[in-house]
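**Student:** Here is how the chains run, residue by residue.
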Amino acid sequence: MTMLKTPPAARVGGGARLARRAFVVREMGILLALALLIGITAATNPRFLGAQSVKDLLLGSTILAILAVGQAIVIITRNVDLSVGSVLGLSAFATGSLFVAAPGLPIPLVILIGTVLGAACGAINGGLIAAARVPALVVTLGTLYVFRGVDYMWATSRQINAADMPPGFLGMGTATVLGVPVLTLFAVAVLLVVGYYLRSYRSGRELYAIGSDPAAARLLGIPVGRRVFAAFVASGALAGLAGVLYAARFGTLDANAGTGLELNVVAAVVVGGVAIFGGSGSVYGAALGAVLLTTIGAALPTLGVNPFWQRAAVGALILAAIGLDRALAARLGRSLRGRNTHV
Amino acid sequence: MATPLLALSGVSKSFGAVAALRDVRLELYSGEAHALVGENGAGKSTLVKILAGVHAPDQGTLTLDGRPVTLGNPADARAAGIAVIYQEPTLFPDLSVAENIFMGRQPLRSLRRIASAEMRARAIELCERLGVPLDPDRPARGLSIADQQIVEIAKALSLDARVLVMDEPTAALSGVEVERLFTVARSLRDSGTAVLFISHRFDEVFALCQRVTVMRDGRWVSTDPAADLSVDEVVRRMVGREVTSLFPKEPATVGEPRLEVRGLTRHGSFADVSFTVRGGEIVALAGLVGAGRSEVSRAIFGVDPYDAGQVCVDGKRLPRGDTAAAIEAGLALVPEDRRQQGLVMELSVERNATLPRRWALTRMGLLFGGAERRAAGTWAERLQVKAARLSDAVSTLSGGNQQKVVLAKWLATHPRVLIVDEPTRGIDVGTKSEVHRLLSRLAGDGVAVLMVSSELPEVLGMADRVLVMHEGRLAADIPRDRADEESVMLAATGQGGRS
Ligand SMILES: Nc1ncnc2c1ncn2[C@@H]1O[C@H](COP(=O)(O)OP(=O)(O)OP(=O)(O)O)[C@@H](O)[C@H]1O
Ligand SMILES: [Mg+2]
Numbered sequence: 008m009t010m011l012k013t014p015p016a017a018r019v020g021g022g023a024r025l026a027r028r029a030f031v032v033r034e035m036g037i038l039l040a041l042a043l044l045i046g047i048t049a050a051t052n053p054r055f056l057g058a059q060s061v062k063d064l065l066l067g068s069t070i071l072a073i074l075a076v077g078q079a080i081v082i083i084t085r086n087v088d089l090s091v092g093s094v095l096g097l098s099a100f101a102t103g104s105l106f107v108a109a110p111g112l113p114i115p116l117v118i119l120i121g122t123v124l125g126a127a128c129g130a131i132n133g134g135l136i137a138a139a140r141v142p143a144l145v146v147t148l149g150t151l152y153v154f155r156g157v158d159y160m161w162a163t164s165r166q167i168n169a170a171d172m173p174p175g176f177l178g179m180g181t182a183t184v185l186g187v188p189v190l191t192l193f194a195v196a197v198l199l200v201v202g203y204y205l206r207s208y209r210s211g212r213e214l215y216a217i218g219s220d221p222a223a224a225r226l227l228g229i230p231v232g233r234r235v236f237a238a239f240v241a242s243g244a245l246a247g248l249a250g251v252l253y254a255a256r257f258g259t260l261d262a263n264a265g266t267g268l269e270l271n272v273v274a275a276v277v278v279g280g281v282a283i284f285g286g287s288g289s290v291y292g293a294a295l296g297a298v299l300l301t302t303i304g305a306a307l308p309t310l311g312v313n314p315f316w317q318r319a320a321v322g323a324l325i326l327a328a329i330g331l332d333r334a335l336a337a338r339l340g341r342s343l344r345g346r347n348t349h350v
Numbered sequence: 010m011a012t013p014l015l016a017l018s019g020v021s022k023s024f025g026a027v028a029a030l031r032d033v034r035l036e037l038y039s040g041e042a043h044a045l046v047g048e049n050g051a052g053k054s055t056l057v058k059i060l061a062g063v064h065a066p067d068q069g070t071l072t073l074d075g076r077p078v079t080l081g082n083p084a085d086a087r088a089a090g091i092a093v094i095y096q097e098p099t100l101f102p103d104l105s106v107a108e109n110i111f112m113g114r115q116p117l118r119s120l121r122r123i124a125s126a127e128m129r130a131r132a133i134e135l136c137e138r139l140g141v142p143l144d145p146d147r148p149a150r151g152l153s154i155a156d157q158q159i160v161e162i163a164k165a166l167s168l169d170a171r172v173l174v175m176d177e178p179t180a181a182l183s184g185v186e187v188e189r190l191f192t193v194a195r196s197l198r199d200s201g202t203a204v205l206f207i208s209h210r211f212d213e214v215f216a217l218c219q220r221v222t223v224m225r226d227g228r229w230v231s232t233d234p235a236a237d238l239s240v241d242e243v244v245r246r247m248v249g250r251e252v253t254s255l256f257p258k259e260p261a262t263v264g265e266p267r268l269e270v271r272g273l274t275r276h277g278s279f280a281d282v283s284f285t286v287r288g289g290e291i292v293a294l295a296g297l298v299g300a301g302r303s304e305v306s307r308a309i310f311g312v313d314p315y316d317a318g319q320v321c322v323d324g325k326r327l328p329r330g331d332t333a334a335a336i337e338a339g340l341a342l343v344p345e346d347r348r349q350q351g352l353v354m355e356l357s358v359e360r361n362a363t364l365p366r367r368w369a370l371t372r373m374g375l376l377f378g379g380a381e382r383r384a385a386g387t388w389a390e391r392l393q394v395k396a397a398r399l400s401d402a403v404s405t406l407s408g409g410n411q412q413k414v415v416l417a418k419w420l421a422t423h424p425r426v427l428i429v430d431e432p433t434r435g436i437d438v439g440t441k442s443e444v445h446r447l448l449s450r451l452a453g454d455g456v457a458v459l460m461v462s463s464e465l466p467e468v469l470g471m472a473d474r475v476l477v478m479h480e481g482r483l484a485a486d487i488p489r490d491r492a493d494e495e496s497v498m499l500a501a502t503g504q505g506g507r508s
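As you go down the protein sequences, you meet chains A and B in turn.
If you read the first sequence in this note's numbering, its first letter stands for residue 8, the second for the next number, and so on.
If you read the second sequence in this note's numbering, its first letter stands for residue 10, the second for the next number, and so on.
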C-alpha cells in the first residue's frame, strides 16, 4: 500500500512569520517612501513643513483616502469601481443645492443625505453587476458617464459658491483640533472602523475569500452576489461622504467636481498594496497610498519638478509598487514552497 | 433496515448534450460508510455536487430522514448537515490555513467578532487529529496537494456533520495520513455519521466501507454489502469487462546515463541528492509525504532554484532554474498539482494537450487547427480521455480525465527524460494500467523515466530501481529484485541503511 509521512519538522510558525513580514515590508515601504519624500522636500524648502502646508496636505489626502478605503473594499473582492469620481461630484453638488434650497438644514443630516445618495449610486452599480453578470469594469465605466451626465443636467452650468453655504458647514472644512483638521480625524475614524470590520467580522473576511477565489467562495455557500453588492454600496456611500466633505472644503461647486478622480483612487489603492486581482491587501495600505500620492502632488512642484515629470513620477510609483508586490509574492511563494510546509 | 438518513432516487443530470447522471439511486445510512466507485467520468463527482447543493438535479428526488428536500445552494446542504470534501481542493490562496478551515463559520466572541485565538487553537487541534501539524497562520498558497487535501478534510470535520461526503480525499495522501483519516472517519461513522467515500484505490474502499455502489457511464449498476464483493468483481462491474494485469512493466535494455544529478541541495528542503537514471530505466522516487521528492523533481526541471549541486542531461549540464533550457534538453515534468501547474482550465482539451509543443505543429510559423486536433486526438485516444468534444474546456472534464490531459500534454513532447509526479493520481483502474503500459513502452524506446509515487504497488510494479528519500536525503537505492514493501518502508521511515 502507501507510505508514512515524515515526522513534523521543528519550525514553528515559519510561514506565518514570513507572511507577516511581507505585510510589514509592504506598509513600511510606503511609510519609508513618504518619509524620504517629505525629508528631501523639507530640506530644500523648510516651509513645506509649515503648519498651513501640513494642514493643506492632510486635507488634500483626506478625501482621496476616504475614496481609497471604499475602492479597496471593492478591489479586495476582485472588482473595481470607476464611478467614484462621478458619485463624489453628484453628492457634492447635491450638498450645495440642499443648502441653497434649505439653508437651515442641520449639518449631520446633510452629511447623511450625501452618504445615502452615494450609497444609492453604489446600489445601482452593484445591482447592474449582479443582474447583468457584466464585469464591474464595464458597468462602472458606464455609470461613470451616466452619473456625470446627471450631474451636468442638474447643474446646467450653474455654480454654487461658498456664499450659498452656511459658515458652520464651511468651517468644518477648515477647523482643526491640535493642528489636525477635523475632516482628517473623520477620515481616520472611517478608516479604523472599516479596517476593524474587514479583519474581525465574518462578512469582512468573506470579501477577501471572494476576491481570492470566487468559485471556491460559491462552493462554500458564501452569498457572493450579496457581498459584492454590499461592497459597491459601501464604496458608493464613502464616495458620497467624500462628496459632502469636498463641498465643505472647497465651497465652490460645479458639474466638474471630482472629474478624473477615479484613476487617482485606483492608483492609491494599488500603490497601497491591495492586489488588483483581489484577495489581499488592507485599507490601511490604501489610505497610506492616498497620502503618498497627495504628498507627491504637493512636493514635486515645491521641488521645481516640471509637471510632465510629476505625472511620470506617479506612473513610475505605480509600476514600482506592482513590481514590489510581484517580487514579494514570488519570494514568499518560493520560501513557503521550499520550506517543509508542516509546523 | 431503517429509513436511510439521506437518499437519492431517479436522479438525472445533463450538461448540455452530456448526460452525466441517468436515473441514479443512492441510500446512505446513519453509522455506515458507503463507497462509490466507477471509472473516470462515470458521474461520481456530479453526484457529489448534487448532494452538496452545487448542481440541481434535472430529475429525481432527494430525501433527508425520509422527507423530501431541495438543496438550492451549498449553504442549504450545509444547514442540512451535509459536509463535502470536493475532489479538487477549493482553498483561498491568500487566506491562512485556519481561515480556510473556518471560513463562514468562524468562532465568535462578543459583538459577533471573530475569535481569532480560538479559531487558531481549533485549527491546530483539527490538524493534529489528522496527524499533520500544519502551521495555521501560513497562507494556503504554496501548500502541497497533500496538505491542501488535509485542510479540506479539516474543514469538513469542523462541521460535525450528519453526512460526510468525501470525493477522492486520499488521492494525494499516503499511508499514515490515510490511516489517520480512516481512524477519524471510523469514529465519526460509529457515532452515527453517514459517510460517502469515493476512491480509485480498492484496498481503501474495503478497509473503510460496509457497502459499495458501482456506477458506469452515469448509471447506477449495483449496491451490495462490501463483504459479498471481491476487488475483481467490483472492477468487472465498473469497467464492464475483465481488466488484465495491473502493472505490466516490460524489461528494457538499459542504456547510457541520461539524467545525472550530483549533490543537489536546497537549504530547508533537501540535501546532497545524487543519482543517475539511464535510458530505458524507470526509477521510482519513493518516500513519505514531505520527504522532498516533489521538491527534487521541481528543482531538476528548473521550476525551483537550488543552492548547490548540478543536473546533467546526456552529459550536458543544465543551467539552474531554467525550465526553457530543460525542455530544450529533452526533459519533461508531469507535475503533481494539475490545477495550478499542469492545465489552463479555461482552454480546450486540444489546446492544453498541445501547449508545450506548439512550435512543432506550426508550418511557416502558423499554427493550423487541424494539426493541433490530430496531435491531441492521438494521445487523447490512447489515454481514453472522456470528453464530449476535444474543443470543450478542460474545467468541464472529470478529475481523472483532467489528469489524463496533463499526461497527454507532456508525453506528446517526445521527451528523452520524463519526470512524472504521481502520474496516476485520481485515474481509474483501466486507465492506470494503460498509463503504466505507456511509461513502460517509453522506457522501451530508450526514455529515462523518473517516477515520484506514493502508491507502493505502483512503485514496486513499475520501477527498475527504487530510490527512497527520508527527510530530504536519499536514504536507499534498491534494485528491483530486492525491492519489496518492507525494504522500502524501512528506508522511508529512516530505519534502513543505504544498500
Ligand atoms: N460542468 C460541466 N460541464 C460539462 N460537462 C461536465 C461538467 N461536469 C461534469 N461533466 C461531465 O460529466 C461526466 C461525469 O463527470 P464526473 O466529474 O462526475 O466524473 P467522476 O466519476 O467524478 O470521474 P473521476 O473519477 O475522473 O473524478 C464527465 O463526462 C464530465 O465531462
Ligand atoms: Mg470525480
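Worth double-checking, as some hints may not be accurate.
Negatives, chain A to chain B, calculated, CB over 10 Å [as the list claims (entries may be wrong)]:
#, residue
1, 62
2, 113
3, 118
4, 207
5, 227
6, 327
7, 339
To give a feel for the contact side, a few chain A residues facing chain B, derived at Cβ under 8 Å [unchecked claim]:
#, residue
8, 142
9, 145
10, 149
11, 152
12, 208
13, 212
14, 219
15, 338
Bear in mind the hints are in silico, worked out from the structure with no lab data behind them.
Glycine included, every Cβ here is placed at the ideal spot set by N, Cα and C.
**Student:** Does each hint fit the structure? Answer for all of them.
**Tutor:** Verification of the supplied hints:
1. 62: Nearest chain B Cβ is 36 Å from residue 62 of chain A, so the label holds.
2. 113: Correct as stated: the minimum Cβ-Cβ distance to chain B is 30 Å, above 10 Å.
3. 118: Nearest chain B Cβ is 25 Å from residue 118 of chain A, so the label holds.
4. 207: Given that some Cβ of chain B is not farther than 10 Å from that of residue 207 of chain A, nearest at about 4 Å, it is violated.
5. 227: violated, 6 Å
6. 327: holds, 22 Å
7. 339: violated, 8 Å
8. 142: Residue 142 of chain A check fails; min Cβ-Cβ to chain B is 15 Å, beyond 8 Å.
9. 145: violated, 19 Å
10. 149: Result: violated, 26 Å to nearest chain B Cβ.
11. 152: Violated, about 31 Å.
12. 208: holds, 7 Å
13. 212: Hint on residue 212 of chain A: holds, closest Cβ of chain B at ~6 Å, below 8 Å.
14. 219: With a closest approach of 4 Å, the residue 219 of chain A hint holds.
15. 338: Constraint on residue 338 of chain A not satisfied, violated at 11 Å.
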